[in-house]
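Visitor: Using the hints, position chain R with the ligand against chain F.
Each protein sequence line maps, in turn, to chains F and R.
Just so you know, my numbering puts the end of the first sequence at 385, numbered straight through with nothing missing.
Just so you know, my numbering puts the end of the second sequence at 160, numbered straight through with nothing missing.
Accuracy of the hints is not assured; some may be wrong.
Selected chain F positions facing chain R (Cβ under 7 Å, derived; list incomplete) [said to hold, decoys possible]:
hint: 1; residue: Ala85
hint: 2; residue: Ile124
hint: 3; residue: Ala126
hint: 4; residue: Met128
hint: 5; residue: Thr153
Mimicking EDC-like on lysine to aspartate or glutamate, the simulated pairs with C-alpha atoms at most 20 Å apart in a straight line are [what the hints assert, rightly or not]:
hint: 6; chain 1: F; residue 1: Lys187; chain 2: F; residue 2: Glu164
hint: 7; chain 1: R; residue 1: Lys49; chain 2: R; residue 2: Glu78
hint: 8; chain 1: R; residue 1: Lys142; chain 2: R; residue 2: Glu157
hint: 9; chain 1: R; residue 1: Lys71; chain 2: F; residue 2: Glu246
hint: 10; chain 1: R; residue 1: Lys85; chain 2: R; residue 2: Glu60
hint: 11; chain 1: F; residue 1: Lys15; chain 2: F; residue 2: Glu34
hint: 12; chain 1: F; residue 1: Lys314; chain 2: F; residue 2: Glu123
hint: 13; chain 1: F; residue 1: Lys199; chain 2: R; residue 2: Glu129
hint: 14; chain 1: R; residue 1: Lys138; chain 2: R; residue 2: Glu128
hint: 15; chain 1: F; residue 1: Lys358; chain 2: F; residue 2: Glu188
hint: 16; chain 1: F; residue 1: Lys163; chain 2: R; residue 2: Glu60
hint: 17; chain 1: R; residue 1: Lys29; chain 2: F; residue 2: Glu123
hint: 18; chain 1: F; residue 1: Lys228; chain 2: F; residue 2: Glu355
hint: 19; chain 1: R; residue 1: Lys151; chain 2: F; residue 2: Asp133
hint: 20; chain 1: F; residue 1: Lys321; chain 2: F; residue 2: Asp280
hint: 21; chain 1: F; residue 1: Lys306; chain 2: F; residue 2: Asp278
hint: 22; chain 1: F; residue 1: Lys199; chain 2: R; residue 2: Asp102
hint: 23; chain 1: R; residue 1: Lys37; chain 2: F; residue 2: Asp133
hint: 24; chain 1: R; residue 1: Lys40; chain 2: F; residue 2: Asp133
hint: 25; chain 1: R; residue 1: Lys160; chain 2: R; residue 2: Glu128
hint: 26; chain 1: R; residue 1: Lys29; chain 2: F; residue 2: Asp133
hint: 27; chain 1: R; residue 1: Lys40; chain 2: R; residue 2: Glu60
hint: 28; chain 1: F; residue 1: Lys266; chain 2: F; residue 2: Glu246
hint: 29; chain 1: F; residue 1: Lys199; chain 2: R; residue 2: Asp103
hint: 30; chain 1: F; residue 1: Lys163; chain 2: R; residue 2: Glu128
hint: 31; chain 1: F; residue 1: Lys163; chain 2: R; residue 2: Glu129
hint: 32; chain 1: F; residue 1: Lys321; chain 2: F; residue 2: Glu364
hint: 33; chain 1: F; residue 1: Lys199; chain 2: R; residue 2: Glu128
Just so you know, these hints were derived from the structure itself, not from any lab.
Using N, Cα and C, we set each Cβ at its ideal position, and we do this for glycine too.
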Amino acid sequence: MKVGIVGIGHGKFGRRSDATVQELAFEPFREALIDAGDITQHDIDATIIGSSPEYHKQRSLPGVVAEYLGVNPQPTWLTEAACASGSAAIRTAYVAIKSGMQEVVAVIGLQKMTELTTPEILALMGRVGDVQWESIFGTTFPGYYALYATRHMYEFRTTKEQMAMVAVKNHHYGTMNPKAMFQKEVTIEKCLASDKVAYPLNVFDCCANADGAACIIMTNEKNAKKLNDTPIWLEGLGCASAEMSVLRRPHLVGIPSTVEASKQAYKQAGIKPKDVDVADVHDCFTIAEIMAYEDLGFCEKGKGGKFIEEKQSYIGGKTPVNIDGGLKAKGHPVGATGVSMTTEIVKQLRGEAGKRQVDAEIGLTHNVGGIGQYCFVHIHGR
Amino acid sequence: MPFHYFGKINFVPYTKVTKFADYLKDGKLMGTRCKKCGEFYFPPRADCIKCFSDEFEWVETTGKGRLHTYTIIYAAPTGFDDIAPYIIGVLDLDDGGRLLGWVDVPEEQIEIEMRLKAVPKIFEEIPDIKLYYSLEKIK
Ligand SMILES: [Zn+2]
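Chain F extracted, bound-state conformation:
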């Protein structure tokens, strides 16, 4: 029995000082119910929230969200895997549907990051790594990806210009996505001249904190065919972990959990990396997208810089990547990201992506938690 996606919804990403976290959840939920063929909240038999709880004032999010969406007394719970919480929720929904325990599940990726004050964010930022051995030296999230970048530059001659090219591409496609936080083109020069954050990364190498929510409705094969004439099927799901500490990683030029998760997903779907027509990958930093090209097998290890330089990840290239603007232009409301990626791939496969449409039959999402502690790779087909 297959598991399909029959409804999608996507709220506006950005600084959403106009809405509470449950109000943010309502926007894509309503959209997804309508998209799924005008079903109501009473047709949903479980609501799974993907979110990273430490950013919210409201504790235990699913409770307040479920009430606001009107899905009581159906079950609801939270899945957490840092920046991959959204994809973790999708995997949980897949398992629940596959087991027959649930039939129609709403998965909501949700995050409000601008609720915290700057000092609170700075304090939180100081505890992203291993707090026993690393955070005591003032490591930061960009700092960790900078450690990858420096080593990648050393081993493969990857350049800061190539990293900037990722930002240029993603901002370019971001201009075609009204739900993205940023809708402005950037240039390589502007990226290289932007403020330093953690050498070799500048501000324009980093995605922005954002508020936002996205929702998908998942169901079993029988329901899917009834509800929707174009269900998008989850054909392969991979999930893996890697050492939290950079001190225990086998190498620092890629993300081992991406390699492992993608192998699982390709195997289940029975495809090869070259069969992927469109992908949304986890570009929390520009170097992360370059490493993703390699770790997902779109190009050889070490050739990621060339891949973007040759525009192979643009529409018309070998594998169009982050055609919705990626985390870079959309903003990265941590828990919402994996679900947001999925809505884009569903749109692409349905042929509803408008100006940014890729001719695609197979789509991939790649969602990384933290600096690679968690990774989820999902393959979608028509």
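Guide: Positioned in the frame of chain F, the structure of chain R with the ligand alone reads:
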């Protein structure tokens, strides 16, 4: 529990390898070795991943190694803004294991794979005991 001495800001003052900070105060950089299978750990661990034993002994490391990678932090988190920008390096230790710490070498002289040594240090500007190590050129 002397482990709270470890770090400019310490987040976890308790651990089964708390003696690490005692040794560091005496200028010694110590890792742990599994008594059962002999696996060496830096950073030290109380529990062996290889054989699951929880018996370990302390072993001194020279702190010498090669710089694996580095970054310079400009946007610093709470408690570190007063020392920014600072350089963070990851050292592959000759004795095994890896170490992350501040690099005390001018930026323009830093090269990946250069030989460095982790030297135990005490913050002198702060009245409380605050221990760390810095990665310095081998003299
Ligand atoms: Zn052992």
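Visitor: Each hint should be assessed against the structure and marked as holding or not.
Guide: Checked hints:
1. Ala85: violated (17 Å)
2. Ile124: Cβ of F:Ile124 sits 9 Å from chain R, so the hint is violated.
3. Ala126: holds (4 Å)
4. Met128: Because about 5 Å separates F:Met128 from the closest Cβ in chain R, which is inside the 7 Å limit, the hint holds.
5. Thr153: holds (5 Å)
6. F:Lys187 / F:Glu164: holds (19 Å)
7. R:Lys49 / R:Glu78: holds (15 Å)
8. R:Lys142 / R:Glu157: The given pair, whose Cα atoms are some 11 Å apart, holds under the 20 Å limit.
9. R:Lys71 / F:Glu246: Given pair R:Lys71, F:Glu246 holds - Cα atoms ~15 Å apart, limit 20 Å.
10. R:Lys85 / R:Glu60: holds (19 Å)
11. F:Lys15 / F:Glu34: Holds, at about 12 Å.
12. F:Lys314 / F:Glu123: violated (39 Å)
13. F:Lys199 / R:Glu129: This hinted pair holds, its Cα atoms lying about 16 Å apart.
14. R:Lys138 / R:Glu128: Holds, because 16 Å separates the two Cα atoms, which is no more than 20 Å.
15. F:Lys358 / F:Glu188: holds (16 Å)
16. F:Lys163 / R:Glu60: violated (39 Å)
17. R:Lys29 / F:Glu123: Holds - the C-alpha atoms of F:Glu123 and R:Lys29 are around 19 Å apart, at most 20 Å.
18. F:Lys228 / F:Glu355: holds (19 Å)
19. R:Lys151 / F:Asp133: holds (18 Å)
20. F:Lys321 / F:Asp280: holds (8 Å)
21. F:Lys306 / F:Asp278: holds (19 Å)
22. F:Lys199 / R:Asp102: Distance ~14 Å between F:Lys199 and R:Asp102 Cα, so the pair holds.
23. R:Lys37 / F:Asp133: holds (16 Å)
24. R:Lys40 / F:Asp133: holds (19 Å)
25. R:Lys160 / R:Glu128: holds (18 Å)
26. R:Lys29 / F:Asp133: Holds: R:Lys29 and F:Asp133 sit about 15 Å apart, inside 20 Å.
27. R:Lys40 / R:Glu60: With Cα atoms ~19 Å apart, R:Lys40 and R:Glu60 stay inside 20 Å; holds.
28. F:Lys266 / F:Glu246: This hinted pair holds, its Cα atoms lying about 18 Å apart.
29. F:Lys199 / R:Asp103: holds (17 Å)
30. F:Lys163 / R:Glu128: holds (17 Å)
31. F:Lys163 / R:Glu129: Judged against 20 Å, a Cα distance of about 17 Å means the pair holds.
32. F:Lys321 / F:Glu364: Holds. F:Lys321 to F:Glu364 sits at ~14 Å (cutoff 20 Å).
33. F:Lys199 / R:Glu128: holds (15 Å)
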